[in-house]
Structures are given as C-alpha cells and as structure tokens.
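Protein chains: 2
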Amino acid sequence: MISKKMENMVANSSAIRAMFEEGNRLAQIYGPENVFDFSLGNPNVPAPESVKNAIKALLDEEDPVVLHGYTNSNAGYEDVRSAVAQSLNERFGTDFEARNITMTVGAAGGLNVILKSLLNPGDEVIVFAPYFGEYRSYTNNYDGILVEISPDTETFQPKLDEFETKITPRTKAVIVNTPNNPTGVVYSEDTIRKMAGIMEAKQKEYGTDIYLISDEPYRELAYDGVEVPYLTKYYDNTVVGYSYSKSLSLPGERIGYLVIPDEAADSEKLIAAANVATRILGFVNAPTLQQKVVKACLNEKTDISFYNRNRETLYNGLKELGFECIKPEGAFYLFVKSPVEDEKAFCAAAKKYNILVVPGSSFGCPGYVRIAYCVSYETIVNSLPGFAKLAEEYR
Amino acid sequence: MISKKMENMVANSSAIRAMFEEGNRLAQIYGPENVFDFSLGNPNVPAPESVKNAIKALLDEEDPVVLHGYTNSNAGYEDVRSAVAQSLNERFGTDFEARNITMTVGAAGGLNVILKSLLNPGDEVIVFAPYFGEYRSYTNNYDGILVEISPDTETFQPKLDEFETKITPRTKAVIVNTPNNPTGVVYSEDTIRKMAGIMEAKQKEYGTDIYLISDEPYRELAYDGVEVPYLTKYYDNTVVGYSYSKSLSLPGERIGYLVIPDEAADSEKLIAAANVATRILGFVNAPTLQQKVVKACLNEKTDISFYNRNRETLYNGLKELGFECIKPEGAFYLFVKSPVEDEKAFCAAAKKYNILVVPGSSFGCPGYVRIAYCVSYETIVNSLPGFAKLAEEYR
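Chains as they are written, first to last, in our numbering: chain A, -16 to 378; chain B, -16 to 378.
Be a bit skeptical, because a hint or two may be false.
[To be verified] Away from chain A, derived, C-beta distances all over 10 Å, residues of chain B:
#, residue
1, A91
2, L143
3, T271
[Unchecked claim] Lysine to aspartate or glutamate pairs mimicking EDC-like chemistry, simulated, CA-CA at most 20 Å apart:
#, chain 1, residue 1, chain 2, residue 2
4, A, K35, B, E32
5, A, K39, B, E44
6, B, K335, B, E16
7, B, K39, A, D219
8, A, K39, B, D192
9, A, K39, B, E32
10, A, K(-13), B, E251
11, B, K35, A, E183
In case anyone wonders, no lab produced these hints; they're calculated from the structure. Idealized CB from N, CA, C, for every residue including glycine.
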C-alpha cells in the first residue's frame, strides 16, 4: 500500500541496510576494531571544542523563547544569514547580503529546497558521473529527469564535450559537487570556465535559464593548498548549497545554507520560492540552536591534518599493493578501480577480510569502489594487511 | 523561471509576509508593547530548565562524534526511539517498540515523510474544515488531492455524515488534528469511534486501506482535565505525528516523531518507506542533539497554567464584549466568529487597534478568525481595550 515511487527505493535501501547489518554482524564476531567499515561518510573527527563552548554560552545568554523558537523568516535568523554572507564576502570577494542566504537542514535539505523551487515535471537535471547517488532521488522527488554525463576515468573531471551535446531546452539545472564525492577530485578553474561558457551559449541558443547548483559539503576539505573555485564568480545563474556536516563535524545536526545570488535569473522570486519550499517541505526552518552555533563558529577550521594523514597512508598503501586510484585533492574518499569488471564481486571479496566498501554503481560509475577514509587512523593502518591479501587474490 | 507549482504559493506567501511586515511596521510606530500580534503559533513559554540542563550534560558526557553524527538508521537513535515507545506505552497502554518510531524534523517533517511514503498521484486526502492550511501544500507536494469536509460551526467536531459520502476508492488518508488548530476543540471519543467505524466499513466496501494520520503537536495542551483519545487504539491503520514544538517549547529545533504501529496495513514496508523518505526528502535524520534532549526530557511537562490563564482571560473578555466563540479545550487558539461575513474586512478593522489575527479562509473556514493566545499575559490584558473598540464598531 506504499506509494509506487517508493516501492523501488525501499528495495534499494534494503541493500544498503544489508551492508550496514553485515558490518554489525562482523563486528560482533570479530570485534569492532577488526572490522574496517569504509562505507559511510560520517566524520570521525569530533566537532571542535568551540562548538561545545558556543552552545553553552548560547544557553546561558540567549532568551530560550528566541533561541528555540520559530525564526521570523523561514530562511532563518537575519543575524545568522548576515554573518554567513559577510564571511563568504571576506573569503571569496563576493557581494552577498542576508537576503541571498537561506539556512537549510543540511546540504540535502538545501538541494531539495532548490529543486522543489525550480523543477517542473519533465525538466532535466544534468549530473557528471561519478556522482552522489541521492541526486537521482532528489530530482525524482519533483518529477525531474536525471541526465548523466559519462565519467572521464582518466581525470574524473567532467566530460565537457558530452555535456555540451546533452543540454536541451528542457535542461533546468546542472549539479556539480567539488571536491567530489566519490572521487575526491576538485574541478579545476579551467573546467569551470569552460563549463560556464558552454552553459551561457546554450542559454542564449535556447532562450532558457540553466541553473548551476554547486553542492559543496566538502569545500573546506582540500589538501596540498589546492584552491576550490567559488562558482558564483564564473557563472551568474549559480546557486550554492553548503553544509557544516563535514567542516564542523555536525552531520547529524542538519545545518547548512543555500546561496541565491542577486545575479541569478529571477533571483527575487527564487529566494521567495526557497523560503516557501523550506516551509512546505516540512523543514520550516533550519534548527535554530545550530544556526546560532555556526554563526559563533564561522571562523573555525576543521582539523584537515587528520584526514590528510589518512589520505596519504591509505593512498600510498593501496598504490604499493598495485591498486589503481587517482590521488584525491579533497573530501575524504578514495575511488579505487576494481581489479575485476564487476566491482560488486570485488566488494564481496573485500568483505572476507572484514573490509566494507561501496560499489561504484551507486555513483553511476561501475568498475570502481568508494572507500570513505573519514575513519580512525588505526582503522586505516589495520586494514592494510587485509587489502594486501585482497590484492594477492587478484594478482 | 521558478516552478509553476511554486508560482501561486509564492504569491500566497507574500500575503503572510505582508502581515508579518505590517506587525513590524506597527511595532516601530507604536512600540512592540502596543502591538497585539496574535497571528503566530510560536509559544511564548520558555523551554523548561531541564532542556538546558540536558543539553549541557549531553555536551559534557557524550562522545561528540556520536552526539552530532549521522544516526545509524535514518529513523534516529535506537535508544531514543525505544524510550519514546516505552513512554507512550506507559501513558496510553499501547504496545510500541523502537521499530514503530521514526524521529522526524518536527510534525511538519513527519507529515511530509508519511505522505511521501503513501501517496500516488491523484490519491485523495480528506481533511475536516477548519484545518491547518499547510495540509494542502503537504498533499500537493506528492500530487495528492485534498478533499475538504465542510465545518460544523456548532461544535467544530468533524461532520461525519459528509465524511462518509466523500470517501472514495481513491481515499488514501484522512488527517485529523486534535486538539485542533485553529479551533482548540478536542475530538471526542464518541467522534473517534464513529469515524473509525465509517473508515472500517469503507475499507471493506472498496477493498482499500485508508490511513488515519493523527497530527498531534497540541496533545499535551488540554485544559480542565479533558482526555485526548490516543487514536491507534480505535483504528488499526493509524499513524501518529507528534512534535515537541509546543510541549517542550522547541518549535525552532524541529524535533518530533511518527508512530507507525505494527497493526497498520503493510506496516513493515511503511516503516521502511518512512526511513527512505526521511533520507531522500533531505531531512536525513532528525537533529541528533535534540533527539537526545527529548529522551532526557520525556517526563517533562509544559506549564499549561500559563496558557490556561491566557485562555480564560481572553475567552471571557471576548465573550463579555459580545464576540461569539467556542471555548477551546486544548491548543492555544481561539476561533472567533467574525461579526461580518467577510472576515478579512474584520481582520483589517482589527489592525486599526494594532490587533493582528488570521482570517479563517486560511483554514478552509471563512467567516471566522484565529487568535493565537500563546503570547504574554500582558499582551492579552492590554489588547482587550482594543477589542472593546472593535466590538463597538460592529454594534
């Protein structure tokens, strides 16, 4: 009796649940320290001490009726939105005001809000494989059609020639995610410029507006001093979705924001629509205490050295064992080529060594597996002998 | 360039915003203490001290990686769901387990989750006027069709004869909200029994499942010892949506839950669907810190005496002035008959005395206005001279 749309999704989700339960089962048999669960993007770095201090100060200093109350605008507290805008302007030379910021229930909430605001049934949303699999569900929620660009497995930069041919008059949005989940690749400034040029030409050709949605939960996780371009500066119709899940290690608290710049087509209406969508989708407003927390912690930085050590150790370890993998410049994922075409068979083989990884098919890129290295350093180090045996199997 | 569905909603929302801005404008001219804003259901009672203490204890005692991390299941922490189930069982003699509880982003989030899980396009959702206007948007989000039962303005209990004639083979859900927004009426046990009987007979007649969705954010706000029936005990296909917005004065924190009992048709699939819907709609999970807070504060009670004093003072004050109104048994709203047919004209007249109330048309019941008395006692007392002048105008 559940809805037809949900029938398939429930079936798929039981596969994910099965993996989770398998992890629990293995942990019970072998002990949790002997199970190497690389399947989830749940940060293992604790939230900075300043988050705790900020919460305690807010509890002592703010009026609880305001601190825990509905915000006047569904977009969130005016002072928080102002502070976020100001901070972006200082970092990226942008020119945002409070009105350009909508506080959201994480990046996932923000993406739903903007897609609800934009999509008519049958509108097309372009994504570049490999991509975060949830984009398909989010697009489907509003009866949009997901259009995939096939992966460039040399560089994992977007395939721009194919992109150009797949833009149609029904293309309403393009989602990019850089630093990328699942590859860790940062889209280069050159890529972004070319992409913007293609979209501008197509907008003119078709007389349409094509929105670039930049999903940026991993913005702060970039290594070796790599710069992550701020996309509103390259293309007017850009909407940015951000989350503090990774930068402040608050994924469960569901706090992030959307930026809708004045330069975006119909920005005033789009901002109003995002406000309404926040309300009617049932978010109502981003959790209020956490809105105030992120304002207090705007200048806080994640301990990137933790992830970096994991990255270096796992990347070098796997390369030495003969695995093929591009070195990630950001996020906390390695996207490793499966030694056999059917990467699900490879995932199953890894399980024999208590190693849990996610098949690339979940990201529109079969033949690869994703390893989330946001785990403890011990998990990385202790998993390497298992990976060695796994490599041995495929030699 | 925003979606067609959103165009109208944005237009409507600017009416609400206009009222809000009008309130701000009046406050600037006359001082906030001389503006009587009865338009919003934002509790003026602060969260109990135990909420603050619970948060501080959680910050000091829990591992921040767990406290602020994704929950293993999208339905929320197992211990929290267990505690919620246990508490319901103790209070209402039910028999729930953790699996029957899905923690949600408030009641609004929960309603979206359950409607997403249930509705196919064209499915009908029945509501009883007057009803919370957002039900229309929530139903529309999943291409359902809202079917209104006209109000019984004598008792504001549901009109069951009309209800019976409007159930069709496409009826997928019926939403009830008791204690009711906007009337404050509690649906009687007799009403509930009859309603359940009608639905059971129709299920048999059509060979369908009809889900009763009980939206209960006001459950704890019942006066004069009135009992609010727990609906799962009267009808198997009942799903309960709850929120701590009012009971713990945490509306901005977005924390509530759904109960999907084992007795509900297809309950296992429905529970799985709610889990998936929580994820793909972008909630991902209810805010984690607040999940733990409500667990710690399960036995906490709102200071109902505060609202009760407001209720008595305003109800008696308005009756003495000749206004017609049913005495509310729950929630924190008065639903007052407009002295003129066009209640929007009455709202406009009230504004002259700096009194802001919401037209009944917003609740599918024109000719009435809603007064939210979750304000300070001073606001109630000081508004009465304005109401007196308003009454004078219509004598």
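These are the hints, each one checked on the structure:
no. : hint              : in the structure
1   : A91               : violated (4 Å)
2   : L143              : holds (24 Å)
3   : T271              : violated (3 Å)
4   : A:K35 x B:E32     : holds (18 Å)
5   : A:K39 x B:E44     : holds (14 Å)
6   : B:K335 x B:E16    : holds (15 Å)
7   : B:K39 x A:D219    : violated (44 Å)
8   : A:K39 x B:D192    : violated (48 Å)
9   : A:K39 x B:E32     : holds (13 Å)
10  : A:K(-13) x B:E251 : holds (16 Å)
11  : B:K35 x A:E183    : violated (51 Å)
In the structure shown, a violation is registered for the earlier hints numbered 1, 3, 7, 8, 11, in ascending order.
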